[in-house]
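Enquirer: Between the sequences and the hints, there should be enough to build the whole structure, so can you do that?
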Amino acid sequence: MSDMMKVSSNPHVRSGVTTSNIMMWVVIALLPAAGFGIYNFGIDALIILILSVLSTVLTEFCFEKVLNKKITVGDFSAVVTGLLLGMNLPSTAPWWLPVIGGIFAILVVKMLFGGLGQNFMNPALGARCFLLISFPAFMTNFTTDTYTSATPLAALKAGEEVSVIDMIIGKIPGTIGETSMIAIVVGACILIMLGIIDLKIPGSYIVSFVLFIIIFGGHGLNGAYISAQLAGGGLMLGAFFMATDYVTCPITAKGKYIYGVFLGILTGIFRVFGVSAEGVSYAIIIGNLIVPLIEKYTIPRAFGIRPVEKKEEKKA
Amino acid sequence: MSEENKGALGFKQDTPAERFLNGLIVENPTLVLMIGMCPTLAVTTSAINGVTMGLATTFVLALSNAVISLLRKVIPDTVRIPAFIVVIASFVTLVQLVMQAYVPVMYAALGVYIPLIVVNCIIFGRAEAYASKHNVVPSFFDGIGMGLGFTCAITVIGLFRELIGGGTMFDVQIFGEGSVVPGPVGYFFSLYQPIRIFIQQAGAFIVLAVLIAIMNQVKFNMEKKGKDTSKFGVGGCCSDVEIKDPKKVKEELLAKEKAAKLEAKPETIKPGDIKAPEKEKVLSGFEQIKATTAQANTNASIKEVVTPGEEDKK
Chain B
1 MSDMMKVSSN
11 PHVRSGVTTS
21 NIMMWVVIAL
31 LPAAGFGIYN
41 FGIDALIILI
51 LSVLSTVLTE
61 FCFEKVLNKK
71 ITVGDFSAVV
81 TGLLLGMNLP
91 STAPWWLPVI
101 GGIFAILVVK
111 MLFGGLGQNF
121 MNPALGARCF
131 LLISFPAFMT
141 NFTTDTYTSA
151 TPLAALKAGE
161 EVSVIDMIIG
171 KIPGTIGETS
181 MIAIVVGACI
191 LIMLGIIDLK
201 IPGSYIVSFV
211 LFIIIFGGHG
221 LNGAYISAQL
231 AGGGLMLGAF
241 FMATDYVTCP
251 ITAKGKYIYG
261 VFLGILTGIF
271 RVFGVSAEGV
281 SYAIIIGNLI
291 VPLIEKYTIP
301 RAFGIRPVEK
311 KEEKKA
Chain Y
317 MSEENKGALG
327 FKQDTPAERF
337 LNGLIVENPT
347 LVLMIGMCPT
357 LAVTTSAING
367 VTMGLATTFV
377 LALSNAVISL
387 LRKVIPDTVR
397 IPAFIVVIAS
407 FVTLVQLVMQ
417 AYVPVMYAAL
427 GVYIPLIVVN
437 CIIFGRAEAY
447 ASKHNVVPSF
457 FDGIGMGLGF
467 TCAITVIGLF
477 RELIGGGTMF
487 DVQIFGEGSV
497 VPGPVGYFFS
507 LYQPIRIFIQ
517 QAGAFIVLAV
527 LIAIMNQVKF
537 NMEKKGKDTS
547 KFGVGGCCSD
557 VEIKDPKKVK
567 EELLAKEKAA
577 KLEAKPETIK
587 PGDIKAPEKE
597 KVLSGFEQIK
607 ATTAQANTNA
617 SIKEVVTPGE
627 EDKK
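Quick note, the sequences are listed as chains B and Y, same order.
Counting in our numbering, the first sequence runs from 1 upward without gaps.
Counting in our numbering, the second sequence runs from 317 upward without gaps.
Keep in mind that the hints are not guaranteed to be accurate.
Subject to a maximum C-alpha distance of 25 Å in a straight line, what follows is the list of computed DSS-like cross-link-like pairs (lysine-lysine) [claimed, not checked]:
| no. | chain 1 | residue 1 | chain 2 | residue 2 |
| --- | --- | --- | --- | --- |
| 1 | B | 200 | B | 296 |
| 2 | Y | 535 | Y | 328 |
| 3 | B | 69 | Y | 541 |
| 4 | B | 157 | B | 171 |
| 5 | Y | 540 | B | 69 |
| 6 | Y | 540 | B | 70 |
| 7 | B | 157 | B | 200 |
| 8 | B | 171 | B | 200 |
| 9 | Y | 541 | Y | 449 |
| 10 | Y | 541 | Y | 328 |
| 11 | Y | 535 | B | 65 |
| 12 | B | 65 | Y | 389 |
| 13 | Y | 449 | Y | 389 |
| 14 | Y | 389 | B | 69 |
Quick caveat, the hints were computed from the structure, so don't treat them as lab data.
If you're wondering where the values come from, they're calculated on a predicted model, not measured in any experiment.
Expert: Spelled out as structure tokens, the structure:
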């Protein structure tokens, strides 16, 4: 209540929504997928997740301590980054992989650019790509005690049959957090119901991706192929949790649709024509880079201002 | 390092020693002026590449600076760039042939970047900004200082990229499997997994950014201590622009305005109006429609001639 009675300049009406609130809900929404990952891959997955969260939080804390800045660990954004990063790693990763990834995500991608709100790309994805380029062997080793086959997407690319039901439930090899479509959608529903994310980006992302697959996938309107492409890899996790990152997605409504379609097409290109079977993380990172451009061209017109006048203003 | 800086700033202008330190530290082409980024980012995958590239560039830079300085009164101003290219290209060819004959391994490793020294911004920048205006001896030492500054910077970049990205230092395995370090320390080192991204292009940007940040911090600390750092970062290619005094610019503009008025006056007396819009077009680059409308009032047209120029200068 006292928060709502502050004497200050406008705005006078404040909601109780804060960064830490939102980030906490994102963490809660990520838990089903993370929990399924732990159930699916065992104790290794839990250790990876804990290490990656610890390394992001500690990096942020130490950086701010050393530079005498305000400690912002309490806003949970580092926890979200760490959790997302851990969910993007295979459970077979050695212990130092999430640690290096966490340090890179926070130190280089987030803090050196000015901290939360200033980073131009998603820290978790930036770190994932950093690790993927640096340690490709560790990052694509999905062989565990339970799973010895290739990931369904790789199998699909090789032209083999895959079980779509298993992919939707999540009983497949892959990174810790991406396997279960159901768990991710449950988490996404929580966020959508709370109004933390909306369907603009994930919707346009997935729809444009499906259209791309139908047109260029080489299988036409094959239901099994399309649903396997949807459920496989990091598409769901990326569309609902990483493409919708507040800092690195456009703020305008029109921009969100453009961004989503751009991501869908890029992912399709990477998956269909690329060498690797997966392309979500690179697609979102490239999408992050064009966000300022999208925002520049989709600034909504203020009520009552005619476009001609605006042009003249720009010239002057 | 700080003592050297003091010396570089305290030395008499245009002496060999001052030029040398100026290129090495105060106006380091890579870390302060930030020119010649193409070889800096492209060939620094290992320290030895950096050294070779830097020394080749230093050789070309010093000798081309000296020759251009000798020829500075002979070269006509209008064709100076082609003339510089001829001088620089002959030295680059020399370097290229010598390297091909005696160090074929490095020649193969550096590949296209050796001939590309011809268009290196540092060499052009020094030729244009320094050698073409100063005597032979300071120009020669300016080239050596700049070249060694470049060499040091890209060697350090190469060293870090090689060490982090491959675990080697001048091709000797320090970290990672097969480490030459003996004993338990060596065992510890051999566990290191090279971070491959540093060998790739993205790593060059990361290492370069960190080095520039360190250089800026050094400069910042010096400013804090009250040392004169006004020379830091000023000069090189940009010296002509930076030094320009706002008062001088204004005077020049006023002179231009006067000249324009003098030129415009006889034209207004002439009855044939065909020539006026043409003149307008050349001077201001405005659309012809605007020029023809402005034709009626010569005073207005002069104003329009001057204002865009002013904006450019600002």
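Enquirer: Are any of the numbered hints broken by this structure? If so, which, sorted upward?
Expert: 7, 8, 9, 12 and 14
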